[in-house]
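Enquirer: One letter stands for each residue in the lines below.
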Amino acid sequence: MNPSLPAPLRGRARRFGDDIDTDVIYPGKFLAILDPAQMASHLMAGVDPSFASTVRPHDVIVAGKFFGCGSSREQAVLAMAAAGIAVVVAKSFARIFYRNGLNSGLWLLRCPLADTIPDLATLRIDLTACQIVDEGSGATFAFEPVPPFLAQIVLAGGLVPHLKARLAQRPPEVHVG
Amino acid sequence: MPGATIAQKVLARAAGLSHVEVGQIVDAQVDRVMSHENGALVAQKFRELGAGHVWDVTKMVQLFDHRVPADTEQTAAGHKAVRQFVKEQGLVHFYGERGGICHQVMPEKGHVRPGELIVGTDSHTTTYGAFGAVSAGIGATEMAGVWATGGLWLMVPPTIRISVEGTFQPHVYAKDLILSIIGRLGLDGADYRSVEFDGPLTSSLSVASRMTICNQAMEMGAKFGIIPADDTTLSWLRPRTDAALQPVHSDADATFERHLRIDVSDLSPQVAKPHSPANVAPLEQVLGVHVDQAFLGSCTNARLEDLQIAAALLKGRKVAAGTRLIVTPASWEVYRDAAAAGYLGIFTDSGAVITNPGCGACIGGVSGILSAGEVCISSSNRNFRGRMGSADAQVYLSSPAVVAASAIAGVVADPREVAP
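Heads up: the protein sequence lines correspond to chains A and B, in order. Per the numbering used here, residue 1112 is the first one in the first sequence, and the count goes up by one each step. Per the numbering used here, residue 23 is the first one in the second sequence, and the count goes up by one each step.
These are calculated hints, taken from the structure and not from any lab test. By construction, the Cβ of each residue, glycine as well, lies at the ideal position given by its N, Cα and C atoms. Be aware that one or more of the hints could be misleading.
[To be verified] Simulated pairs of lysine to aspartate or glutamate, EDC-like, Cα-Cα distance not exceeding 20 Å:
| no. | chain 1 | residue 1 | chain 2 | residue 2 |
| --- | --- | --- | --- | --- |
| 1 | A | Lys1275 | B | Asp49 |
| 2 | A | Lys1140 | B | Asp414 |
| 3 | B | Lys102 | A | Asp1129 |
| 4 | A | Lys1140 | B | Asp93 |
| 5 | A | Lys1140 | B | Glu396 |
| 6 | A | Lys1140 | B | Glu95 |
| 7 | B | Lys295 | A | Asp1230 |
| 8 | A | Lys1275 | B | Glu70 |
| 9 | A | Lys1140 | B | Glu119 |
[Claimed, not checked] Residues on chain A that point at chain B, a partial pick, calculated with CB under 7 Å:
| no. | residue |
| --- | --- |
| 10 | Arg1235 |
| 11 | Asp1237 |
| 12 | Ala1240 |
| 13 | Gln1242 |
Excised from the complex, chain A in its bound form (with noise of 0.2 Å):
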């Protein structure tokens, strides 16, 4: 039990299959835009063109194993947060997508049942029971523990503002000579 952790989450479910690259998630084509909001209105443009004219705040993508496998582009993961996602649950995440997700300040969370996840539920995400209420159905799905230092960097908001108070409370560095 963490008791910093949030209040349930609510959100529809958004679903994907297996292997979803960061390629489908945000394409190559799109690197050079710097505006969140512009990023957002690419999202998953590979693997769903609708998508981002679809996704409402809060959605919560629901994939199968090894999401945001490829390119290291963060991009993939701020058109999520731009769009108002805040939670990823999969079956299993690529290392620098699982990363990135984190700094970004995005709950990603590992659930062996993702796949199970029907599309468009309602879902209740408890981030202390680690556990995913299917709000229609009354069926639950578990979910593995976010680390506590990794769950403190989400809960700062990311990594820039979990390094940003960290660095402010760094000693003034003494300058000799």
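Position chain B against the provided structure of chain A, taking the given hints into account.
Expert: Same frame as chain A, now just chain B:
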């Protein structure tokens, strides 16, 4: 003390510890970092951190390779922002667009040494493992933190050891070997793992071929892909750096999660079919597929040896009507050497388009974007849907030899049948 792998030894040193266990999370200080165009995003995040100055102006390498020269005003604005940051901070190692692909330029300019811990904002940063370094890709925000502090958390990964023996058949190369391994282990077969390649065949490989293998280790999810440094590594590096070169090796009693032994003697040319680098099949299965574009480029296979292999096949031959061949050398050094060796003349005479060094068509950014329904045979690293342009294009990955043979035939072709 228990035996340790290369990954364990390098991470222990970087964390200031005498030994680290697999699964342990350490705060590591890195030896070198690399960023390309996404340095603009890193700089933006770095400014948000409010850290002021970067941790070490001598340990950061910055260049452009994804979109050079700038193809749009938006790209130009990103380049400009990075140039300004480099100047402001006084970064020592900036190559702009004059170097080539980051993963080629880093070792060429002496920024990669055995036993070092290197992170880069590019997934193919695993390439430096070809020099016995421990290197991984990270994201832009994380790099901003490294620019500020020189450190990041890393989990000590388990290691998969792959020992390779035997002799390649003619027209079979390191690319065919690594594609066959990715096909066997799968797209996530080495996720979160360090992969160490050894054995007599590995030791016999050139530096260029070793780079192909460590580069593609990423395509099975590897965190690190490492070939222990030996005399071949050291003789290649010595003219490029004055730094002391101290190879690190796994102990004889190190624990490996898994040990694969592979004999390449019967290996045939391999191809990764659309739309995954793990969708690997023997070349024979795809012979005759029409090819609109053949691409010889990328951090995987666009070094001098790759261009030499392609030039030997293309000499005195023409690229088929209805097919275009695009050659994008990995770096300015490779470009210059290929010109001196006469390869660029051979490509020109064959009807190929030669572009300036950079990532080019591999990333679907510039110089060779595919339209819907088009088919490309490519010496690059990834063929995910939409990677090189349209989501409805089809990309096959192969060795430079298969790329050249296919350019001549206009269909996916076997270099063993083109060769004199």
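Enquirer: Which of the listed hints are broken here?
Expert: Violated hints (numbers, rising): 3, 7, 10, 11, 12, 13; every other hint is consistent with the structure.
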